[in-house]
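Heads up: the protein sequence lines correspond to chains H and R, in order.
If you're matching positions, the first sequence starts at 1 in this note's numbering and goes up one per residue.
If you're matching positions, the second sequence starts at 1001 in this note's numbering and goes up one per residue.
Please note that the accuracy of each hint is not assured.
Said to hold, decoys possible - Here are the in silico distance ranges between beta carbons for each label pair:
{"id": "1", "chain 1": "H", "residue 1": "Val41", "chain 2": "R", "residue 2": "Phe1070", "range": "53 to 59 Å"}
{"id": "2", "chain 1": "R", "residue 1": "Leu1092", "chain 2": "H", "residue 2": "Gly156", "range": "26 to 32 Å"}
{"id": "3", "chain 1": "H", "residue 1": "Val109", "chain 2": "R", "residue 2": "Tyr1211", "range": "35 to 41 Å"}
{"id": "4", "chain 1": "H", "residue 1": "Leu259", "chain 2": "R", "residue 2": "Ile1030", "range": "34 to 40 Å"}
{"id": "5", "chain 1": "R", "residue 1": "Pro1096", "chain 2": "H", "residue 2": "Pro58", "range": "49 to 55 Å"}
{"id": "6", "chain 1": "H", "residue 1": "Gly156", "chain 2": "R", "residue 2": "Thr1044", "range": "20 to 26 Å"}
{"id": "7", "chain 1": "R", "residue 1": "His1056", "chain 2": "H", "residue 2": "Leu55", "range": "40 to 46 Å"}
{"id": "8", "chain 1": "R", "residue 1": "Leu1131", "chain 2": "H", "residue 2": "Val41", "range": "18 to 24 Å"}
{"id": "9", "chain 1": "R", "residue 1": "Tyr1178", "chain 2": "H", "residue 2": "Trp34", "range": "37 to 43 Å"}
{"id": "10", "chain 1": "H", "residue 1": "Leu47", "chain 2": "R", "residue 2": "Leu1099", "range": "38 to 44 Å"}
{"id": "11", "chain 1": "R", "residue 1": "Thr1044", "chain 2": "H", "residue 2": "Met44", "range": "53 to 59 Å"}
Hints are computed from structural coordinates only; laboratory data are not their basis.
For each residue, glycine too, the CB sits at the ideal point set by N, CA and C.
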Amino acid sequence: MSVTPSENPASAALAANTFRGEGGRKLRRLLGNWQGLTGVVLVMMFLASAIFAPLLAPYDPNALDIPARLSGPTWQHIAGTDQLGRDTFSRVLHGGRVALYVATIGISVSMVFGLLFGMLAGYGPRWLDNTLLLLFDVIRSFPTIIIGLAAVALLGPSLNLILAIVIVTTIPAYARLVRTSTMALRNTEFIIAERSLGVTLSGILWRHILPNVIGPMFILAAMDVPVVVTVEAGLSFLGLGVLPPTASWGSILNEGYLLIRQTPWPIVAGGIPLVLTTLGFTFLGEALRDVFDPRLAKGH
Amino acid sequence: MFHYLLKRIGLSVVIVLCALLALFLLLHLIPGDPATIALGPRATPEAIARYAAKMHLDEPILLQFQIYLFNALSGDLGVDVFSERSVTRIVLEALPSTLILAAVGLLWAALIGVPLGCISAVRPNSWFDRLTGVISVATIAIPSFLVSIWSLLVFAVILKWLPVIGAGEPGDLADQAYHLVLPAFAVGLSWVGYLARMVRASMLEVMNETYIRAAHAFGLEPRTVVFRYALKVAILPTITLIGIGFGGLLSSALFAEIIFTRPGVGKLIYDMVMNRNFPVVQGAVLITTGVYVLINLGADLVVAWLDPRVRDSL
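Extracted from the complex, chain H is given alone in its bound form:
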C-alpha cells in the first residue's frame, strides 16, 4: 500500500520508505478513532462467524425440530426457530457464509477487471478511453436491481446470477479509479525515463502503476462490501437469490416476513447481522480512507 499522492510520483521511493516507519502510527490512528475501532471489531466478528460457522453453529442449519417450531429464544434455540423448527441462530451463522462468498468472489473479480479496463482506458488510445468511459457511465446509470430482475425473470434465481450482477455493476468504480491514477502517472518524468530506458509497458504497469492504485482500490472494496451484501440479501429476500433450503440472511428475512404476525424473531435475528456487517464495513472503509487516502473523500 502506497500513500504517494499521484500528483507527485517523483517522491514515490521516499514515501514508500517513510510509509514503513509510519505504519505503526497509521494503525494506531485507525484503531484510536472510535469509528475505525468499531469497524475493525465488527468486520472481524463477521469474518470469524462466517468462516467458523460449521464449528460455532449449535445445530445443522437445515435440521428440523418440528415440536419446537416457531419458538422464541429459549436455552436450546437462542434465536428461536422457524416454521420448520430449524435453529435460526445456526441458519444466521451459515447465512454469513453466503454473504462472505458473494462479497469475496464478486469484489475480487471486479477488482481484477477494473484494473484491466482502467489501465486500458488510462494507457490506451483516446478512442478506447472514450468508449470505455461511456460504457462505465451507462452501467453506473442503470437502476441495478431492476435490470437484475429482468435477468432473473428469464434465467431463474441463482447465486451465480447475483454474482454476475454484482460484478458488472461494481467494475466501473474500480476502473475509473485505476484510469485516473494511470493517466496522472503516464506522463510523469520518471515513467517517461523508464520507457526511454526500454522498460516494457507491462513492467511499468506492474511495477509503478499497480502499487499506486492498489491501496485506494482496497479502500473502495471495503466500502463496496455493504452494497454487495445488501444486493445479495435483497434478492434472496425476494426469493430471487439463493435457493431453498440454503440459509442466507435474505432468505431468513423472507421466511420471517411471511410469518410476521406469528413471530418477530426471524426478522430480528436475520436483520441484525446484516446491519452490523454493513455498518462495520462502512466504518472501516471510511476510517481507512481518512487515515490513508484523504483525497478519495471528495469523489465519493
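Model the placement of chain R on the given structure of chain H, informed by the hints.
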C-alpha cells in the same frame, strides 16, 4: 456549456438504447425458443404463437431488432398475452403511485437532511456536527428493505399505529396519506444521511467564499446568510446527487412496494417476474429506465438553470 448539455442528452439516449439492446439480447442469447422462454411454462401454444408473430420471430434477427426498436421508441411495448392489455398502459397505470412514493420519501428526507447539513457546516466539529455524522453513516449503511421490514414489524404489527398493507381507499386522500407514511419513511431514511453529508460538504466550501464573508461583514444575520445566500449555491451539487441517486431511490421503492403490498411499478415487475411474464417485465424495466434517465437529465438542467455562472455561459 452547450457542448456539455448536448453530451448529457447524448448519454441519456445511449443509456436507453443500451437498455433496449440488453433486454433484446437477454431474450435471444438464452438457448431455446425466445417466445417459450419469455412466456414461461404457463403459456398456451396459441399465446406463444401470437407472441412469436408479434415479435416477428421468423424474420432475421437484425430485422427483429429493428422492428422491436421502432415499436419501443414509438411507445408500443407489446401486449400482455395473458390479459390482452397493452404493456405500455399497464406500466403507465402503475407509475404514478411509485413516483409519489419516491417523491414523498425524498421530500421528508430533504426537510430533515438539508437543515442538518447546514447546521453541521456552520458549527463544524461541534457535538451537533458529530452526532449528525454518526446518524448519517448509520442511515446510509442500513439497507432500505430492512428498514421497511422492521418498521412494518414495529409500527404496524406490534404497535398497530399504522396500516400493514395496501395504498388506501381510492379517492380518499387522508387514507392514502395514512398508508404512505411507513413506505415513505423506509424509502427516504438513507437519504437523510446522503443529503446531510452532501449539504455539509458543499456548505463548508461555500462558507469560505468572499461574498459570504462580505455578507457577514455587512452585518446580516447569520441565519439569513446561511439560508438565503450560502444554501442557494451549496444546494447545487446536492441536486446533481439526487439525479444520480434516483436509481437507488427506485430500488428502495420497489422493495417498499413489495413489502407493504402497494401497487406500483416495483410490485408489478416483481409479480411479473414471479409469473414468468417477460413481455411485461421488459416493458416495465424500459419505462423505469426512461423515467430514471429523464430525472437524471432534469436534475442537470435544473442545476444549469439555477447556477448563474452556468446559465450565463449558455
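Going down the list of hints, with the structure as the test:
1. At roughly 58 Å, the beta carbons of valine 41/H and phenylalanine 1070/R sit within the given window of 53 to 59 Å.
2. For the pair leucine 1092/R and glycine 156/H, the beta carbons lie near 28 Å from each other, so the given range of 26 to 32 Å is met.
3. Taken as a hint, the range 35 to 41 Å is violated for the pair valine 109/H and tyrosine 1211/R, whose Cβ atoms sit roughly 49 Å apart.
4. Restraint check, leucine 259/H to isoleucine 1030/R: a C-beta distance of roughly 35 Å satisfies the suggested window 34 to 40 Å.
5. The hinted window of 49 to 55 Å between proline 1096/R and proline 58/H holds, with their beta carbons roughly 50 Å apart.
6. Between glycine 156/H and threonine 1044/R the Cβ separation comes to about 21 Å, which falls inside the hinted range of 20 to 26 Å.
7. Here the CB-CB span from histidine 1056/R to leucine 55/H is close to 59 Å, at odds with the stated 40 to 46 Å.
8. Distance hint check for leucine 1131/R and valine 41/H: the Cβ-Cβ separation is about 21 Å, which falls inside the suggested range of 18 to 24 Å.
9. For tyrosine 1178/R and tryptophan 34/H, the hinted distance range of 37 to 43 Å is satisfied, since their beta carbons lie about 40 Å from each other.
10. Between leucine 47/H and leucine 1099/R the beta carbon distance is about 41 Å. The supplied range of 38 to 44 Å therefore holds.
11. The hint said 53 to 59 Å for the Cβ distance between threonine 1044/R and methionine 44/H, and at roughly 56 Å that hint holds.
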